[in-house]
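Undergrad: Chains as they are written, first to last, in our numbering: chain A, 1 to 199; chain B, 200 to 462.
Hints were generated in silico from the structure; no laboratory data involved. One or more hints might be untrue.
Pairwise CB distance ranges (calculated) [unchecked claim]:
1) B/Ala247 with A/Asn68: 48 to 54 Å
2) B/Thr343 with A/Asp116: 38 to 44 Å
3) B/Ala362 with A/Ala118: 29 to 35 Å
4) B/His369 with A/Asp18: 57 to 63 Å
5) B/Val419 with A/Ser122: 30 to 36 Å
6) B/Asp436 with A/Asp61: 43 to 49 Å
7) A/Gly66 with B/Arg262: 26 to 32 Å
8) B/Lys338 with A/Asp125: 47 to 53 Å
9) B/Glu427 with A/Asp61: 21 to 27 Å
10) B/Val359 with A/Ser122: 51 to 57 Å
11) A/Glu21 with B/Asn201: 47 to 53 Å
12) B/Arg262 with A/Ser122: 54 to 60 Å
13) A/Asp61 with B/Asn201: 46 to 52 Å
Even glycine gets a Cβ: it sits at the ideal position worked out from N, Cα and C.
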Amino acid sequence: MPAPYAERIATTVTARQDEFERIAMPHSRSLLRVARRLASDRATAEDLVQETLLRGWASFDRFERGTNARAWLFRILFNTFYALGRHMRSGPVFVALDASDGGTDQRSGGSFSALDAAEVSSALDALSAGHRTVLLLAVVEGFTCREMAEILSIPVGTVMSRLSRGRQELRDRLQPQSPKACEALSAASCARGKPNELQ
Amino acid sequence: MNCNDVVELTPLYICGDLDARRAAEFDAHLKACPACMLELEQHARLDARLREVVLSEGVNASRVDRRVRELIAAGVQADLPPRARKTPRRWLVAAMGIAAVLLLLLVGYAAFMGAHVGQVYADAAADHQHEVIEQRPRKWFVDTAQIQALAQGQGIEGVVPAALAPENYHLQSAKLCSLDRRVFLHLVYSDGAKEFSLYLRPRDAVPLPGRVLETANGRVLRVGNAGEQHIASFETDRLTAMVVTNESADTALRLARSLSATL
Numbered sequence: 001m002p003a004p005y006a007e008r009i010a011t012t013v014t015a016r017q018d019e020f021e022r023i024a025m026p027h028s029r030s031l032l033r034v035a036r037r038l039a040s041d042r043a044t045a046e047d048l049v050q051e052t053l054l055r056g057w058a059s060f061d062r063f064e065r066g067t068n069a070r071a072w073l074f075r076i077l078f079n080t081f082y083a084l085g086r087h088m089r090s091g092p093v094f095v096a097l098d099a100s101d102g103g104t105d106q107r108s109g110g111s112f113s114a115l116d117a118a119e120v121s122s123a124l125d126a127l128s129a130g131h132r133t134v135l136l137l138a139v140v141e142g143f144t145c146r147e148m149a150e151i152l153s154i155p156v157g158t159v160m161s162r163l164s165r166g167r168q169e170l171r172d173r174l175q176p177q178s179p180k181a182c183e184a185l186s187a188a189s190c191a192r193g194k195p196n197e198l199q
Numbered sequence: 200m201n202c203n204d205v206v207e208l209t210p211l212y213i214c215g216d217l218d219a220r221r222a223a224e225f226d227a228h229l230k231a232c233p234a235c236m237l238e239l240e241q242h243a244r245l246d247a248r249l250r251e252v253v254l255s256e257g258v259n260a261s262r263v264d265r266r267v268r269e270l271i272a273a274g275v276q277a278d279l280p281p282r283a284r285k286t287p288r289r290w291l292v293a294a295m296g297i298a299a300v301l302l303l304l305l306v307g308y309a310a311f312m313g314a315h316v317g318q319v320y321a322d323a324a325a326d327h328q329h330e331v332i333e334q335r336p337r338k339w340f341v342d343t344a345q346i347q348a349l350a351q352g353q354g355i356e357g358v359v360p361a362a363l364a365p366e367n368y369h370l371q372s373a374k375l376c377s378l379d380r381r382v383f384l385h386l387v388y389s390d391g392a393k394e395f396s397l398y399l400r401p402r403d404a405v406p407l408p409g410r411v412l413e414t415a416n417g418r419v420l421r422v423g424n425a426g427e428q429h430i431a432s433f434e435t436d437r438l439t440a441m442v443v444t445n446e447s448a449d450t451a452l453r454l455a456r457s458l459s460a461t462l
């Protein structure tokens with residue numbers, strides 16, 4: 001005999017909640033890690049993630065089980081970020097670049113492991129929002145170019161372009177380009193482009 | 200594949216997005232071109248350092264997790280029918296018995312008065328009581344531009360929350376909340392002494408509960424009450440709106456009439 005109606009309803013409701021807890025909530029930390037690099041302060045970043053998860057909850061019935069929940073949530077994050085407007089966005093953090101004195105650069109061998117964490121973090125924050133976003137999603141969160149194109153609602157080619165320029169800009173901030181290194185590379189690999197806006 | 204091709208395809212290669220054929224060509228070029236190999240190695244080292252630095256930064260999502268769970272639970276648990284709730288411990292039974300009697304009296308009174316309390320009204324009343332009357336700690340938006348953006352983000356188009364304020368009131372704050380498992384925009388308006396709540400969301404197929412009282416500005420006004428809170432609600436072509444106040448039923452109705460002309 002089927003369970004009473006009330007119990008079936010209760011089971012459905014708590015089952016949905018349990019499922020959301022299992023599928024979506026484990027990604028809150030990743031979402032917050034990226035949100036902190038997008039928003040103007042920690043409280044705003046937390047609001048952004050809270051809003052993202054609540055929107056995910058509201059649309060959970062439309063989420064296709066078995067698909068990439070993390071990418072789904074990150075897409076909601078960026079849609080929410082765009083919707084909530086410029087007030088949530090951080091201004092560029094100014095980082096004074098080291099002036100090249102033409103002397104020996106101990107890092108010219110290409111090793112970045114010795115770089116100070118604060119230096120790397122500051123250089124990342126100094127990037128344009130578009131470059132910073134794709135580097136975070138690709139390098140830290142491990143999304144593919146195609147996944148990022150879906151998340152950010154931009155073409156794959158734009159993702160690729162921003163990744164290339166973002167990496168180059170980050171390298172320039174952390175390790176000034178030496179003439180010798182440039183000669184060794186093709187002209188196309190030394191090309192510089194203008195930073196792209198997030199949208 | 201030449202060096203220009205490699206430069207262009209590097210992001211796809213690093214992400215693992217290249218198909219097998221082009222990945223093989225890419226690998227073959229790297230073996231033959233020390234400059235491109237060096238470039239790729241530098242990318243890899245920088246990526247590794249960047250990942251290490253960002254992942255080492257402390258990220259504590261427990262506060263966000265807790266708030267999200269509270270909001271979801273507020274919307275979900277309220278839907279559990281009384282018979283499905285877990286059996287309370289014995290020491291609670293007596294207190295619950297007394298509360299049940301009082302509740303029956305209240306419900307009976309409400310039924311006598313013809314007021315029907317739907318779940319969304321009950322949730323809205325509790326939300327207004329906890330967050331506006333009792334001022335439990337919550338994260339509110341107070342900037343009107345941010346509130347406007349919050350509204351647009353919820354699909355509430357063509358509405359300027361600050362401009363909805365009835366005479367003598369101003370928009371004080373806003374946030375999102377979950378009522379009856381649906382997300383509403385919660386706007387709080389104040390006249391300097393008292394506040395009322397306006398809950399808005401895009402209109403959906405779920406009908407508003409409550410007794411139909413009148414028609415104003417082409418909108419059907421419904422009323423209800425839950426505990427000390429008085430609720431008046433209406434729907435437009437695009438929106439569902441609920442006014443909640445603890446002042447009086449007449450106040451709720453007056454505010455709803457004013458808002459039904461504005462929305």
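Undergrad: So, for every hint listed, does it hold in this structure?
TA: Here's how the hints hold up against the structure:
no.: 1; hint: B/Ala247 with A/Asn68: 48 to 54 Å; result: violated (24 Å)
no.: 2; hint: B/Thr343 with A/Asp116: 38 to 44 Å; result: holds (42 Å)
no.: 3; hint: B/Ala362 with A/Ala118: 29 to 35 Å; result: violated (46 Å)
no.: 4; hint: B/His369 with A/Asp18: 57 to 63 Å; result: violated (42 Å)
no.: 5; hint: B/Val419 with A/Ser122: 30 to 36 Å; result: violated (58 Å)
no.: 6; hint: B/Asp436 with A/Asp61: 43 to 49 Å; result: violated (25 Å)
no.: 7; hint: A/Gly66 with B/Arg262: 26 to 32 Å; result: holds (30 Å)
no.: 8; hint: B/Lys338 with A/Asp125: 47 to 53 Å; result: violated (24 Å)
no.: 9; hint: B/Glu427 with A/Asp61: 21 to 27 Å; result: violated (34 Å)
no.: 10; hint: B/Val359 with A/Ser122: 51 to 57 Å; result: violated (40 Å)
no.: 11; hint: A/Glu21 with B/Asn201: 47 to 53 Å; result: holds (51 Å)
no.: 12; hint: B/Arg262 with A/Ser122: 54 to 60 Å; result: violated (26 Å)
no.: 13; hint: A/Asp61 with B/Asn201: 46 to 52 Å; result: holds (50 Å)
The structure shown violates the earlier hints numbered 1, 3, 4, 5, 6, 8, 9, 10, 12.
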